[in-house]
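Participant: Sequence:
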Amino acid sequence: MTTKAKLIAFTIDCADPRRLAEFYSAVTGFDVQYAEDEYAGVGDGTHTIYFQRVPDRKPAGWPGPDKQFHLDFRVPDVDRAVEEYLELGATRPEFQPGQGWVVLADPEGHLFCVCPERS
Numbered sequence: 001m002t003t004k005a006k007l008i009a010f011t012i013d014c015a016d017p018r019r020l021a022e023f024y025s026a027v028t029g030f031d032v033q034y035a036e037d038e039y040a041g042v043g044d045g046t047h048t049i050y051f052q053r054v055p056d057r058k059p060a061g062w063p064g065p066d067k068q069f070h071l072d073f074r075v076p077d078v079d080r081a082v083e084e085y086l087e088l089g090a091t092r093p094e095f096q097p098g099q100g101w102v103v104l105a106d107p108e109g110h111l112f113c114v115c116p117e118r119s
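The opening residue of the sequence shown carries number 1 in the UniProt record's numbering; numbering runs sequentially from there.
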């Protein structure tokens, strides 16, 4: 039998950890738990997203084969959330692969999907 692991955090490489912590704090409502130049994190006591400084990191092109991950977030109103996230510094890539959800990029180009709540 394989030992089961509990995911405690997800760490994202970026150039400006503080900036991304503030961005994702606004998007998720998570508290900024830690914020330094080299490392920052947001969380709700159960889920944590960390941001680690990698000064030469370059965002992957979208669409393209270099994307290594993306985050998915459920919201009650996709159009309203997209508008708010764009005001926070996200961008909306031209290519959108489906209907009902929207792909955005955070201020450093990491992709995330804004998805409707399930009925």
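Watch out, some of these pointers could steer you wrong.
Stated by the list, open to error - In silico lysine to aspartate or glutamate, DMTMM-like type, Cα no more than 25 Å apart, as pairs:
id, residue 1, residue 2
1, K6, D56
2, K58, E94
3, K6, D31
4, K4, E108
5, K67, D16
6, K58, E117
7, K6, E94
8, K58, D77
9, K4, D44
10, K58, D37
Unchecked claim - If you anchor each label on the Cβ, the simulated ranges turn out as follows:
id, residue 1, residue 2, range
11, Q33, R74, 18 to 28 Å
12, P93, P116, 14 to 24 Å
13, M1, T28, 32 to 42 Å
By construction, these hints were calculated from the structure, which means they are not laboratory data. Beta carbons: idealized from backbone N, C-alpha and C, even for Gly.
Participant: Between K6 and D31, is the straight-line Cα distance small enough, at 25 Å or below?
Facilitator: Since the Cα atoms of K6 and D31 sit roughly 21 Å apart, the hinted pair holds (cutoff 25 Å).
Participant: Is it true that the CA of K58 sits at most 25 Å from the CA of D77?
Facilitator: Roughly 31 Å separates the two Cα atoms, so the pair is violated.
Participant: Can you confirm whether the C-alpha distance between K67 and D16 stays at or below 25 Å?
Facilitator: This hinted pair holds, its Cα atoms lying about 19 Å apart.
Participant: CA of K58 to CA of D37, is that 25 Å or under?
Facilitator: With a Cα-Cα distance of about 18 Å, the restraint between K58 and D37 holds, given a limit of 25 Å.
Participant: For the pair we were handed, K6 and D56, check the Cα-Cα distance against 25 Å.
Facilitator: violated (31 Å)
Participant: Range hint 18 to 28 Å: satisfied by the CB atoms of Q33 and R74?
Facilitator: Holds - the Cβ-Cβ distance for Q33 and R74, about 22 Å, lies within 18 to 28 Å.
Participant: Does the Cβ-Cβ separation between M1 and T28 fall within 32 to 42 Å?
Facilitator: Because 34 Å falls inside the window, the suggested range holds.
Participant: Check whether the Cα positions of K58 and E94 lie no farther apart than 25 Å.
Facilitator: holds (19 Å)
Participant: Hint says 14 to 24 Å; check whether the CB-CB distance for P93 and P116 agrees.
Facilitator: Once the Cβ atoms are compared, 19 Å apart, the range 14 to 24 Å for P116 and P93 holds.
Participant: Given the hinted pair K6 and E94, is their Cα-Cα distance within 25 Å?
Facilitator: Violated, at about 36 Å.
Participant: Is the hinted pair K58 and E117 satisfied, with a Cα-Cα distance of at most 25 Å?
Facilitator: This hinted pair is violated, its Cα atoms lying about 32 Å apart.
Participant: Given the proposed pairing of K4 with E108, does the C-alpha separation stay at or below 25 Å?
Facilitator: violated (33 Å)
The structure is inconsistent with the numbered hints 1, 4, 6, 7 and 8, although it conforms to all the rest.
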